[in-house]
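Protein chains in written order, with this note's numbering: chain F, 1 to 101; chain C, 102 to 360.
If you are wondering where the hints come from, they were derived from the structure by calculation, not from laboratory data.
Please note that the accuracy of each hint is not assured.
Stated by the list, open to error - Taking CB as the label site, the calculated pair distances span:
id	chain 1	residue 1	chain 2	residue 2	range
1	F	V20	C	F143	45 to 51 Å
2	F	I12	C	F295	33 to 39 Å
3	C	T222	F	T13	23 to 29 Å
4	F	F47	C	A117	41 to 47 Å
5	C	E275	F	A17	35 to 41 Å
6	F	M16	C	D281	46 to 52 Å
7	C	N279	F	T13	48 to 54 Å
8	F	K60	C	V142	34 to 40 Å
9	F	Q35	C	N245	17 to 23 Å
What the hints assert, rightly or not - The calculated DSBU-like cross-link candidates involving lysine-lysine, where the alpha carbons are at most 35 Å apart (straight line), are:
id	chain 1	residue 1	chain 2	residue 2
10	C	K235	C	K321
11	C	K228	C	K206
12	C	K133	F	K60
13	C	K133	C	K206
14	C	K228	F	K67
15	C	K228	F	K60
16	C	K206	F	K91
17	C	K133	C	K321
18	C	K321	F	K67
19	C	K321	C	K228
20	C	K235	F	K67
21	C	K206	F	K67
22	C	K235	F	K60
Think of the CB as a built atom: it goes at the ideal place given N, C-alpha and C, for glycine as much as any other residue.
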Amino acid sequence: MSGHVSPVSLYITIFMALMVLTAATVGAAFVDLGQFNFLVAMIIAGFKASLVIWYFMHVKYASNLTKLTVATGLFFLAILLGLFLVDYGSKALTPMLPPLS
Amino acid sequence: MSNAVVHAGGHGHAHAEHPALQHHFDTMGQQKEAAVVGMWVFLLTEILFFGGLFAAYMVYRIWYFDAFAEASRSLSLFWGGLNTAVLIGSSLTMAMAVRCAQTNKRIATVNWLVLTMILGTVFLGVKVIEYADKFEHHHVPGYNFQWAEAHEAPVAGAEHAPSAEVAVAEGHRELSLNADQLQLTTQIYFSLYFTMTGLHALHMIIGIGIMLVITWMAWKGRFDEQYYTPVEMAGLYWHFVDIVWIFLFPLLYLVERHV
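Take these sequences, add in the hints, and give me the full structure.
What follows is the structure, given as structure tokens:
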């Protein structure tokens with residue numbers, strides 16, 4: 001029982017997409033989008049990461065158990081970053097920023 | 102074949118047991134599934150490991166955005182971009198190595214693995230160039246850290262050296278932090294820079310070490326289309342390291358480039 005063998009053309013396509021997206025993230029950084037610069041950079045990075053996970057790491061062809069395992073990790077990462085920022089964000093209401101000498 | 106008794110009437114035992122099949126697994130497929138899930142569980146701990154650093158980065162970036170923007174502009178976009186391309190390329194060669202192992206191409210597997218290791222070494226070489234540059238410019242956190250360049254550093258006895266005016270003169274927007282505050286807060290950025298890229302580089306060194314073993318095993322003919330799990334696991338690890346860099350690159354190099 002061997003795993004799914006992806007065609008070489010798929011890997012080349014994913015590689016090209018990753019390179020184009022890298023150029024896109026650099027290009028987007030030089031455009032003043034205000035607060036959205038960060039959001040755009042993270043959306044592009046998230047999309048690149050998804051391509052790597054889905055095709056290079058074969059999660060697309062993996063079992064539901066493996067897919068659930070991957071999703072669990074991303075879920076807990078979301079909790080870590082989300083609640084962390086909610087915590088620190090709400091503290092901005094009080095003088096929280098450490099004083100600079 | 103004791104399994105044949107348990108699985109009487111089942112299929113998949115037409116041929117002799119694969120030598121790589123451990124006695125506590127019924128089939129090669131089951132054995133591979135266990136390895137894949139186990140590897141992903143390990144990678145999840147790694148995601149949360151780096152996640153803690155990303156969380157620390159986020160808070161300090163929000164607090165001292167101007168310092169992060171200024172410090173980020175001092176990084177070389179050329180080296181950072183080149184390294185991103187090199188690492189994405191190494192992910193492609195790694196995927197090809199796994200594919201060749203799946204299709205039982207021994208020499209091709211070894212060649213793709215060697216190419217992946219070469220690209221990984223190129224990445225680390227570029228990182229050495231970048232780190233050396235940081236040491237030269239006193240951008241390494243610690244006693245000798247000095248944010249302002251020597252020629253624009255406050256002269257002893259001078260009343261003040263408003264970096265905001267310097268920045269505006271250079272065509273940048275006015276910063277909310279003065280020279281002393283930048284000296285403190287850019288150090289936080291570089292602490293995170295060295296911790297995150299250093300931890301990432303350590304993972305790359307470990308990855309190359311793993312690949313050396315895998316390459317040797319492939320050369321010895323340990324793998325075939327039934328059993329290539331070690332190559333696939335090394336691939337998962339390498340792609341994970343690539344993903345970390347996919348996020349590190351915009352976070353560290355592209356904080357605010359448009360001014």
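Among all the numbered hints in the text so far, which are the ones the structure does not match?
-> 1, 8, 9, 10, 16, 20 and 22
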